[in-house]
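Its first residue numbered 553, the sequence shown is counted upward by one per residue in my numbering.
Note that these hints are calculated values from the structure, not bench results.
Accuracy of the hints is not assured; some may be wrong.
Ranges of calculated distance between the beta carbons of each label pair, as one might list FRET restraints [as the list claims (entries may be wrong)]: (1) K985 - E674: 52 to 60 angstroms; (2) A755 - G640: 37 to 45 angstroms; (3) S741 - L771: 24 to 32 angstroms.
Below 27 angstroms or equal to it, Euclidean Cα-Cα: the simulated BS3-like pairs (lysine-lysine) are [to be verified]: (4) K910 - K983; (5) K937 - K882; (6) K1020 - K963.
Predicted, not measured: the structure shown is a model, and the values here were computed from it.
Where is the CB? At the ideal position from N, CA and C, for every residue including glycine.
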Amino acid sequence: MYNRRHFLAGATLAGLAAPAIVRAQGILRDFPFKLGVAAGDPASDGFVIWTRLAPEPMERHGGMPLTNVPVEWEVASDTAFRDVVAKGTELARPELAHSVHVEVAGLQPDRPYYYRFTAAGERSLRGRARTLPAPGAKVEALKFGVAGCQHFESGFYGAYRHMAREDLAFVYHYGDFIYEYQQNYLYDSGLPIRPVRRYEQRALFDVTDFRAAYAQTLLDIDQQAVRSVHAHLSSFDDHEIINDWVSDIDNWALDLPGNDPDAPSPEVFMLKKQAAMQAWYEHMPVRKALLPRGGMVAMNREFRYGDLMAMQLLDTRQYRDDQPCGDGFKPACPEVFAKEAQVLGRAQEDWLNRNLAKGGATWNALAQQVTMMSLDRRRKPDEPKKIVNLDSWAGYEAPRERILSRLGGLKNCVVLTGDEHQNFCGDLVLKDKVVGAEFVATSISSGGDGSDRRNGTDVFLGQNPELKFANDQRGYLVCEVGREAWQTHFMVVDKVTTPVNTLSKRATGIVERDVAGIKMA
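All chains, please: the whole structure from these sequences, using the hints.
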């Protein structure tokens, strides 16, 4: 019997029994690696390498026969694969959409490697990934990326092609890799415009639907580019299942006018979550321990980059209590201050506290999904009461204060966030004391082209003195971490409604070691 604490402990996956294997040569109708390759979850001695066999990605079962297919893999120290340092054969199974997750080990720390797959006489795109430094090794510098929120219909993924050209150790993807709905209209300055491209499905319900949404996303060549050259730390937020879901609750159905009686029961929602999380696992470069069981995924995990940074990758969806006050952007109601409220859940919060207590790193990073600053969302001077985003930590004041109190007992704490489709950075403040810094990454495409500043940004900044920067363009973050300072660069593109765009650095937020407060450059 599995429970939440079991998942938070990160249970290992037992080997899957393999039925008879057929010869792959000649059984596939087309090139099987159309969804590209990826690497993820790096360690000091290796990483995961991923691919999925799908000669016809948008067809049922990806155009694959319903049988196991052997996939050969190689890892080399050079691009020409003259020095192959690891190789083997993995089964691509129909139960997992013929996806392959190889956990490569035995490699040297802190260096790049190259990998590729072969199946049915065909060879995949070449991928690249870098191992982490040895545990506790003295490290002077780290450079990594942060990205997410990539609504397929809202824009093209040109920002990812720019990101692929960056020299990064890895990318933290905070979630919303797919979106669960098709839109008839988008909006630009309040006026309707057509989506730049269309999802195949109107909505997603079963594992076939979710697989198709990932396949359509991964057919994008810019998406394939960034996954092929940077190892990813993969997370999920809400749109991998449905907007604003938490725990076993479908909040989107509950929020529809007059639709409360038709909202799915928790048992029915968990069936959908099981399908969604299976498809997520099948398309992400994550370890086999993250295979969902009963709809639950052991997503929270720790990554350490030598003695320079300890990163805790958190899950703010699966164990969270329902949003208070009916969700949305509203004035806080009494439920916001409920002492028993949970965002991480008790087991994950205990896990986080244990990891933070280890020490041994100059910088403590929390990589998570929803904004931790409790921001006043008013953008008009005549609005009388503070408005908060109830789907963020601001809707759960007691657990928010517990986390900030824990950060207050440490030094050099940085929180990395997504979800907002905007760039923010600001100080994390508890009882007038700055206990950390938060950098909120904008979207890759969600929200369309955007603009430098939304209407009312001056009012918004004036009501939130802890907030140092706000921007409404698309793009990603690049974090340059040194022993004396952490710099986060806000990289933005001029538009996403065209496949090719122009990249620029909009601003840089700087946190100096042992100094409270963000400085802007």
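* Hints violated by the structure (listed by number, smallest first) -> Going through the list in order, the structure violates no hint and respects every one.
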